[in-house]
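Colleague: Each chain, written out:
There are 2 protein chains.
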Amino acid sequence: MNPFEQITIVGVGLLGGSLARVCKKKGLAGKVVGFGRTPEKLKRAQELGIIDAYATDLQTAVEHADLVVLCTPVSTLGPLASEMAPFLEPGCIVTDVGSVKKTVVGDIQSQLPDPVHFVGSHPIAGGEKSGFEASTSDLFEQQKCIVTPTPKTNPSALSRVKELWEQTGMRVISLDVEEHDTVFGAVSHLPHVIAYILMNTIGETSTKNHAEVISFSGGGLRDITRIASSNPVLWRDICLANKKPVLNLIDKFQEALQQVRSTIENEDSQLLEQTFERANKYRLNLL
Amino acid sequence: MNPFEQITIVGVGLLGGSLARVCKKKGLAGKVVGFGRTPEKLKRAQELGIIDAYATDLQTAVEHADLVVLCTPVSTLGPLASEMAPFLEPGCIVTDVGSVKKTVVGDIQSQLPDPVHFVGSHPIAGGEKSGFEASTSDLFEQQKCIVTPTPKTNPSALSRVKELWEQTGMRVISLDVEEHDTVFGAVSHLPHVIAYILMNTIGETSTKNHAEVISFSGGGLRDITRIASSNPVLWRDICLANKKPVLNLIDKFQEALQQVRSTIENEDSQLLEQTFERANKYRLNLL
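In the order they appear, the protein sequences are chains A and B.
Each residue of the first sequence is one higher than the last, beginning at 25 in the numbering used here.
Each residue of the second sequence is one higher than the last, beginning at 25 in the numbering used here.
No lab work stands behind these hints, which were simulated from the structure alone.
Among the hints, erroneous ones may be present.
Unchecked claim - Lysine to aspartate or glutamate pairs mimicking DMTMM-like chemistry, simulated, CA-CA at most 25 Å apart:
(1) B:Lys232 <-> A:Asp292
(2) A:Lys267 <-> B:Asp292
(3) A:Lys232 <-> B:Glu228
(4) B:Lys276 <-> A:Glu236
(5) B:Lys168 <-> A:Glu203
(6) A:Lys267 <-> B:Glu301
(7) A:Lys268 <-> B:Glu301
(8) B:Lys153 <-> A:Glu203
(9) A:Lys267 <-> B:Glu297
(10) A:Lys168 <-> B:Glu190
(11) A:Lys268 <-> B:Glu289
(12) A:Lys268 <-> B:Asp292
(13) B:Lys267 <-> A:Glu236
(14) B:Lys232 <-> A:Glu228
(15) B:Lys168 <-> A:Glu279
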């Protein structure tokens, strides 16, 4: 692809750092600039060769960029867009990596002047690790990236952003913002809430002789609660930004759990088996 | 340890098959006999050298055994104990591998005549795979095995059973039956119920444009739902056999989930972060 002159990565964490590495490795930009609030971290990222330069001042960071990628938690995206708006060059493309799209796309788009082109992105990569120390240039390989164009989206900016993600090794799929938020509410946000709550329920269970029960856990529990290690601030923001779909999904989950509770209470062996078998079948589709 | 003359393994599946392999490998028994209902499977296990002999008739299988290990689903244990009781030699030791202990120990103990010694066991090994084809002689290595003696348990039978599990590579811990059932209700049974229900909730979520949302899942969802692949009949039986603790734990989980639901609805950002952070801390204890 035709490289960008300067890509500015706002938030050099796991995703931002990994994107910076790919840009450098594949020559996707003449210059990769990192923006953050902590100069020590940015300096370290520069020393590691992850970014070419850095700034802790937003104007300096973005004023010469033809692409700005917002890689900070979803709650910061609207305020950041507003803060950088006066300094962006006409024709500059702005994208993000937020896990929620309807509120985020609205927040960002409303802050940017017309000659700046915003395209919502959600690369499905990451995990419970965070920080640029965990970043790798192959984080995105073989993963999916969702882009969420709206009627306002500039078609050539959309193509450029798609191209960028394809260069990182991802398969790019377009979804509308609401569709995106229901899909990821189900496959990502709800599972995180459930993992956190399950971990708390188990952590707070004690028996008459043992202070805690966790020491008896096996591999199954380690797997099911792995995402309970995820960053609390990040997931707090995601749940709040995707409030409506997340609440709907919690309601559906609670209803299904209440049903299985009655099935166990009534010892309806056949229905209980059917319920678990249905889950087996859905699980097969994940493999 | 002093080897048994004949160990009869009732149910040559993942656990039974793995125990048979260890017994053969370490010479823990003069003879390992497998009992089951499907001669083809038992023949295959014999051909593979997992067992020395087999029987599909319970009398033949157990009448010369000095140790019988019940490795079938928990709902079958009481009826099997009753069926084999007339054929067991005085002094014979019977143990099991059931994931639930209070109801199971009661069911088995009440069926066996006094000169036969029952010791409840629960080796914490296995996983979502099943069948002797998946069995290995190192399945138990480094794992925990719970034994659940009661005031009626014969002390030398208890020692023999402990020794057996230690020989498989496990660390043996004694718990009383109720303690066991609360602990494993929390760290194992509740997580399975939650994984099944989460899988069903996600599997039954559709959006206006997509028939299913599962195709957008990432590694996080694969991990959290891995145990939703577990055998439905096995887990149906476990939930029913450990009904009271499981219902209590479902109630605690529902309460905690309801609380987080309100927290999201009220946008109480600080409380939501604290809730997720608590889960982070409990999760650290699992590592």
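Colleague: Give a verdict on every hint.
Modeller: Quick rundown of the hints versus the structure:
The suggested pairing of lysine 232 of chain B with aspartate 292 of chain A is violated, with an alpha-carbon distance near 34 Å, which exceeds 25 Å. At most 25 Å may separate the alpha-carbon atoms for a hinted pair to count; lysine 267 of chain A and aspartate 292 of chain B meet this at roughly 12 Å. The suggested pairing of lysine 232 of chain A with glutamate 228 of chain B is violated, with an alpha-carbon distance near 39 Å, which exceeds 25 Å. Distance check on the hinted pair: lysine 276 of chain B and glutamate 236 of chain A sit about 16 Å apart at the alpha-carbon level, within 25 Å; holds.
The hinted pair formed by lysine 168 of chain B and glutamate 203 of chain A fails the criterion: a straight-line CA distance of about 46 Å is larger than 25 Å. Note on lysine 267 of chain A and glutamate 301 of chain B: the hinted pairing holds, with a Cα-Cα distance of about 19 Å set against a maximum of 25 Å. Taken as a hint, the lysine 268 of chain A and glutamate 301 of chain B pair is honoured in the structure, with Cα atoms around 23 Å apart against an allowance of 25 Å. A C-alpha spacing of about 35 Å is found between lysine 153 of chain B and glutamate 203 of chain A, which places the hinted pair above 25 Å, so the restraint is violated.
Restraint check for lysine 267 of chain A and glutamate 297 of chain B: the C-alpha separation of about 15 Å stays at or below 25 Å, so the hint holds. With a CA separation close to 47 Å, the supplied pair lysine 168 of chain A and glutamate 190 of chain B exceeds the 25 Å bound. The hinted pair formed by lysine 268 of chain A and glutamate 289 of chain B meets the criterion: a straight-line CA distance of about 8 Å does not exceed 25 Å. Proximity of lysine 268 of chain A to aspartate 292 of chain B is assessed by CA-CA distance (about 15 Å); at most 25 Å being required, the pair is judged to hold.
With a C-alpha separation of about 21 Å, the suggested pairing of lysine 267 of chain B with glutamate 236 of chain A holds against the 25 Å cut-off. Straight-line distance between C-alpha atoms of lysine 232 of chain B and glutamate 228 of chain A comes to about 39 Å, which puts the hinted pair past the 25 Å bound. For the suggested pair lysine 168 of chain B and glutamate 279 of chain A, the alpha carbons sit about 35 Å apart, so the restraint of at most 25 Å is broken.
Hint compliance for this structure: hints 1, 3, 5, 8, 10, 14 and 15 are broken, all remaining hints hold.
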